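First to last, the protein sequences are chains A and B. Residue 106 in the numbering used here is what sits at position 118 of the first sequence, and the numbering runs on without skipping anything. Quick note, the numbering used here runs 8 ahead of the 1-based positions in the second sequence.
Check before you lean on any hint, since a few could be wrong.
Some chain A residues well away from chain B (every beta-carbon gap over 10 Å; in silico) [to be verified]:
1. H17
2. E25
3. G34
4. L43
5. V48
6. D50
7. F56
8. R69
9. T92
10. V94
11. R142
12. E152
13. C159
14. E161
15. A189
Mimicking DSS-like on lysine-lysine, the simulated pairs with C-alpha atoms at most 27 Å apart in a straight line are [stated by the list, open to error]:
16. K68/B - K177/A
17. K33/A - K83/A
18. K147/B - K193/B
19. K132/A - K177/A
20. K68/B - K132/A
Derived by calculation from the structure, the hints in this document are not laboratory data. Bear in mind that the values here come from a model prediction, so they are computed numbers and not experimental data. By construction, the Cβ of each residue, glycine as well, lies at the ideal position given by its N, Cα and C atoms.
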Amino acid sequence: MADVDPDQQAYQPDAFQIQDWTQLVARIHQGDPTAMEELYAIFGKGIRYFLLRNLGVDEVEDRVHDCFVIVAQAIQNGELRDPARLMGYVRTVVKRQIAATIETQVSRRRTEVDYEESLFTLMDWQGDPEHSMLQQQRTEIARKVLRSVSRRDREILDRFYVQEQPQEQICEEMGLSYNQFRLLKYRAKARFGELGRRLTAAGFSGFRK
Amino acid sequence: MDVIHAGLHASDDQLELYSLDRLSDTDLIQVEEHLMVCGGCRNRLEDVSAFALAMRNVLKEHPVAFQKPDEEENWFSRFLSGWKTPSLAFAGAMAAVVLSVGLYTYTQGHNGAGMTLAPVAYLQLTAMRGELPTVHGAKAVQLRFSEAAESGGPYKVSLVGDDGSAVWNGVTEGPNVRLDHVLPKGTYFARLFGPSGQLLHEYGFRVTE
Ligand SMILES: [Zn+2]
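Here chain B stands alone, though its shape is the one from the complex:
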């Protein structure tokens, strides 16, 4: 009896691109024909799809809104030590709320050295390489992204510390965004994402005492 091939098993890469609707037309036909007769590849497709789609969704909805597990474990002690180190991280939106209350109680409008903080610090950010702009610590920070258009959003904004830990996440319709948090001394990066989740620009700045 003649034996014919029903195609090779699909590779993980092919299955992943298939689940993301990004497989080339040629591969698409081959992979789908093979999936029609191969239960093993269908099972693998389910696994690969579950991962790929979850990653895409989370990265899209919460761009860089993550932190390392060690920071998650002990965010409160890090909050307290954040006055000495620039690695303060907020454990997501819920923690951010708790923390903002905590910060207010703790500072009473003062910085760690007992100096009175300005109510708002304004910072215009431009996506150009060079010296990072600097701002003094304040009770709130208002950022203006030069490259963002008025009503060009919704833009997703993600603020991270210099170690990549998430500090703040939010959405803005235009170029201005206000953070009602005291940012401890340190270096920060604000990432601006377009309406479909693509990274548009990254801006760096420093907060001094």
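So here's chain A without its partners, still in its complex pose:
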């Protein structure tokens, strides 16, 4: 097996740089409206992404707005003592919003229906038809990928994805180098992406690129 590191080839990490948080926080504290716009430009998509991922599309814009109001008010009230922690603070606000929304939905439904059912209903957005179809397509593609690998490779993938064994353990027990292990996953993922693109080209939606 070739000794290449697929991750390194495909992706060279570099420093992601943005403006100094101290200045941005100071300007928001002073009530500069352009600073609020900058804050929104930096965090808007990220906040929306986490809310969508955890709560679904329902009322997402209102929730994004709520998060911004909380962050802006905290800055204006001087509650954010260390501006360098702005990213961490935004993350905390979003996490709290997600937790609070889930708690509210669960308790609301608890009064209406059986508890177990309520938890299920809470995740209903994940079962919407488009989402299910996409899941089905991906499942089918994963089956195809797994059909094309050897029994030993399937065992390696099973150990990692199902049995949740750490890669160090898998490599040791299966006599693999770290790069061989990653290459196996890389190839399977590449095949998965390739079959997905073929499906997209054939008119099915859901796969990017």
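Given the structure of chain A, go ahead and fit chain B with the ligand onto it with the hints provided.
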């Protein structure tokens, strides 16, 4: 103007573990804070998640229920040649149904050499290394897994040929499982999976004429 780092881009490994809920707490905070401001990593997370979750789901639901593509292409001719070689593979549940009918029609209760087959072959399997137990071909095979508890299931059972190709898949509540198929001469491995999909034991046996 001072420039600060908003963290390095997340690696594919980190994103994969994040999507599987297996990222360490320290990495979790760093990765989530970075995802909050980096659209590139959010896009990569979507790709990585799609693959990782599909693989996990398929491996969990259908442990080793796969076969190589060449067998998928021409399973019927392989079914016919399966009387000469031990590489008979069933193309999933649907094909298994078709095949069982086919086998019945073809054999009429006889093996390839014209000898009458016993109605059922019983085989007690123990997860110990050593000589593989042997059983004569029959119209059906009843396997008993020594390590499986009565009503300890549901256990998923996956039977594969010696080349790793899927032969049969099923679910059982206890230690007994019956295959209403004529298994051609050859070596087989029965894999027993626990209720959460983890591989518990693998048993080998041989079928003779
Ligand atoms: Zn990034």
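Verification of the supplied hints:
no.	hint	verdict
1	H17	holds (17 Å)
2	E25	holds (15 Å)
3	G34	violated (4 Å)
4	L43	holds (16 Å)
5	V48	holds (15 Å)
6	D50	holds (19 Å)
7	F56	holds (13 Å)
8	R69	holds (17 Å)
9	T92	holds (22 Å)
10	V94	holds (20 Å)
11	R142	violated (6 Å)
12	E152	violated (6 Å)
13	C159	holds (13 Å)
14	E161	holds (13 Å)
15	A189	holds (17 Å)
16	K68/B - K177/A	holds (18 Å)
17	K33/A - K83/A	holds (15 Å)
18	K147/B - K193/B	holds (12 Å)
19	K132/A - K177/A	holds (12 Å)
20	K68/B - K132/A	holds (15 Å)
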